[in-house]
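J.: Could you put the whole structure together from the sequences, leaning on the hints where they help?
As they're listed, the protein sequences go chains A and B. Numbering-wise, numbering that gives the first Met the number 0 puts 119 at position 120 of the first sequence, and it's gapless, one number per residue. Numbering-wise, numbering that gives the first Met the number 0 puts 290 at position 291 of the second sequence, and it's gapless, one number per residue.
FYI, nobody ran anything at the bench for these hints, they're computed from the structure. There could be a bad hint or two in this list.
Chain copies aren't distinguished; within one or between two, either way the pair holds.
As the list claims (entries may be wrong) - Computed list of lysine-lysine pairs in PhoX-like fashion (alpha-carbon distance at most 25 Å, straight line):
no.: 1; residue 1: Lys33; residue 2: Lys61
no.: 2; residue 1: Lys355; residue 2: Lys185
no.: 3; residue 1: Lys51; residue 2: Lys22
no.: 4; residue 1: Lys61; residue 2: Lys22
no.: 5; residue 1: Lys61; residue 2: Lys125
no.: 6; residue 1: Lys22; residue 2: Lys125
Protein chains: 2
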Amino acid sequence: MLIVQKFGGSSVADNERVLRVAKRITDTYRQGNKVVAVLSAQGDTTDDLYEKAYSVNPNASKRELAMLLSTGEQQSVALMSMAIHGLGYPAVSLTGIQAGIYSSSAHENARIRRIEPGRIQTELDKNNIVLIAGFQGVNRYGDITTLGRGASDTTAAAIAAVLGADLCEIYTDVEGVYTADPRVVKNARKIGELSFDEMLELASLGAKVLATRSVEMAKKYHVKLVVRSSFTDAPGTEIKEECKVENTFISGLAVDKDVASISLIGLRDRPGIAFRIFSLLAKERISVDIILQSIGRDNTKDISFTVAKSDLKQALAALETAKNAIGFTDITHNAGIAKLSVVGAGMASNPGVASKMFEALSDAGINIMMISTSEIKISVLIDAHDADRAANAVHDRFFMENEFEFAEKF
Amino acid sequence: MLIVQKFGGSSVADNERVLRVAKRITDTYRQGNKVVAVLSAQGDTTDDLYEKAYSVNPNASKRELAMLLSTGEQQSVALMSMAIHGLGYPAVSLTGIQAGIYSSSAHENARIRRIEPGRIQTELDKNNIVLIAGFQGVNRYGDITTLGRGASDTTAAAIAAVLGADLCEIYTDVEGVYTADPRVVKNARKIGELSFDEMLELASLGAKVLATRSVEMAKKYHVKLVVRSSFTDAPGTEIKEECKVENTFISGLAVDKDVASISLIGLRDRPGIAFRIFSLLAKERISVDIILQSIGRDNTKDISFTVAKSDLKQALAALETAKNAIGFTDITHNAGIAKLSVVGAGMASNPGVASKMFEALSDAGINIMMISTSEIKISVLIDAHDADRAANAVHDRFFMENEFEFAEKF
Chain A
0 MLIVQKFGGS SVADNERVLR VAKRITDTYR QGNKVVAVLS AQGDTTDDLY
50 EKAYSVNPNA SKRELAMLLS TGEQQSVALM SMAIHGLGYP AVSLTGIQAG
100 IYSSSAHENA RIRRIEPGRI QTELDKNNIV LIAGFQGVNR YGDITTLGRG
150 ASDTTAAAIA AVLGADLCEI YTDVEGVYTA DPRVVKNARK IGELSFDEML
200 ELASLGAKVL ATRSVEMAKK YHVKLVVRSS FTDAPGTEIK EECKVENTFI
250 SGLAVDKDVA SISLIGLRDR PGIAFRIFSL LAKERISVDI ILQSIGRDNT
300 KDISFTVAKS DLKQALAALE TAKNAIGFTD ITHNAGIAKL SVVGAGMASN
350 PGVASKMFEA LSDAGINIMM ISTSEIKISV LIDAHDADRA ANAVHDRFFM
400 ENEFEFAEKF
Chain B
0 MLIVQKFGGS SVADNERVLR VAKRITDTYR QGNKVVAVLS AQGDTTDDLY
50 EKAYSVNPNA SKRELAMLLS TGEQQSVALM SMAIHGLGYP AVSLTGIQAG
100 IYSSSAHENA RIRRIEPGRI QTELDKNNIV LIAGFQGVNR YGDITTLGRG
150 ASDTTAAAIA AVLGADLCEI YTDVEGVYTA DPRVVKNARK IGELSFDEML
200 ELASLGAKVL ATRSVEMAKK YHVKLVVRSS FTDAPGTEIK EECKVENTFI
250 SGLAVDKDVA SISLIGLRDR PGIAFRIFSL LAKERISVDI ILQSIGRDNT
300 KDISFTVAKS DLKQALAALE TAKNAIGFTD ITHNAGIAKL SVVGAGMASN
350 PGVASKMFEA LSDAGINIMM ISTSEIKISV LIDAHDADRA ANAVHDRFFM
400 ENEFEFAEKF
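T.: Laid out in structure tokens, this is it:
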């Protein structure tokens, strides 16, 4: 089998962990598999480098930041290669450039455009374990780019796709994908299997265990993903095309606190107004999530939507500048909110999921500000202060009560 | 003017120094010059990375060491670029690969084979200050190589050569080239001008202020070198084709303690014996310095020579293995020695330099083990314990007494 493994920063944070991961990689290799491993920077390295950069120049350019930050992953793969050599196995480390990871030209949050796997394949043919620096690529000018948060997952999935790997294992510091964040929801439990679509919804909704783009990539190229712990031998969560039907019709719950809402008040009711607003934001590369349009007074309407907290300032500035072109009377925003979502493929065929969720929130005395639904998810915006309590209330209503019902059948 | 500047690790050790160097680089740029700066890794970075490597694997491979160590210089150039941006000037950082520095394939102590200055030239044409990671190159397999000790000097000189630069400034933590190491010889003084040949002899003899290969490169391509301090505005030492005749006929003195001697005893006196010994060592990539051949007893001879201390073990092993093929009865070695040399273009036309040196050593009661001379230098091997005392005695005999003679003329 050809297996691509990805290890996050906490999995390689110190020498002891590097050696433990080296052991895991060589165990896989020893069983007759070809292995490619994608590594993140060690522990706090990236944060330390950021700090160093900003202390030299608080407005450090993205090109130079990419140049600086990419050294963290390069150090990781070199050290891992040394550790594997120490265990008596052949290994070779590659930077993003050497691994042929070509990206878009933006220096930050660049997207993988294509992978030229020539060098990786050559090293695999030589029976080497191949270690690839995650999080980085090279653009058409030959400059180093960073692929944005969670990009090591994406690199792993993309490499698995291009090599036609049998399996892509994402090693992390938790044992798999959970029905909710275990740090927030005390009754959260590990999910055995998930479909790509369910995982996509969970990932995009703020379940940080796996980057959205890595799931998109795996889905598109039919690569089976497994999320598991680098610290235990527990089986983890499988993410694949089709899953056997599980007992619950929702598979998980996610809380996203990195969200802010913007409302435009008193828009003239004319065609194309929504297009104007959202194409403006798209031009600024600001992603918009939940959108709510409501009838205002005097033949006007209001539009509310959410953006990432980090984009709020830029979004407000862009909208203010275009105030006359768009034509609104007032603009308000709220950064003190959170998005709570439940996800599940079984949801579409189970009416009453939404009302069950709203009931749980109502019973807990939590106010809902906005609602958005799709085939396999329901999201609500609530006050950020209520987020953890809301997550526990909704999670328990779905999972603990199902268990109870399930137990009653026997 | 096109000026190449090189800053060593101590010059960029912390934020404050990075900003000071940024100031110096932009001052040069602001005066209307095009500037390329080659940087070493910050302070102890390289040592820290070595330590990290060896704690993971005491026999870390050279390929992976190069991969790891090269990140130090990459971080330096990225941070410097950010600092220069902060001062309001345009700058761009380049790795060895990006700067087109192609080296031999050895991963350690690789030699620069050629420089493809396309990217550097493009950035200079855009009026950017160009910052290049020293100490590193890329071999024909696309792997990162390190160029060995002092290689940032060499990179700077090579880039200056290939760009046809007007000047190559080597910034360091001393004010220039001294008549002897000021930490050892209390009366050492800064030399104003030196010829390439004199500097070459001084550098190869252990005056660590400038790497030998950088001087060779500058001489070959007629690049004027200036060695000066990054901490003061003192003028430094100029190294160029022709120097005005100075008052003294020796220009400097150097002590090298990284030296060990090996003696092969009872060699059969047949043709080609020296060739056998030294081609064997050349194959092991061990450089041999002073060679002394003497008549032994019974139609045999002895050969003694010196190697770098770090090569001693390997040299002894290689010679032992080839004992029968070479044909010697005994092998001895001494790692407790030092090489003391005086250098000067005026020496050839001034007989009596050697005897003056020997007299100074004799007066100080220091025994000479081996002697080697050339047109512009005299080296002696002495006991390592005597090295510093010998350096002071010889230095004072040449420099202090000349001054006295000189003063007498008035």
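J.: Give me the numbers of the hints this structure contradicts, sorted from smallest to largest.
T.: none
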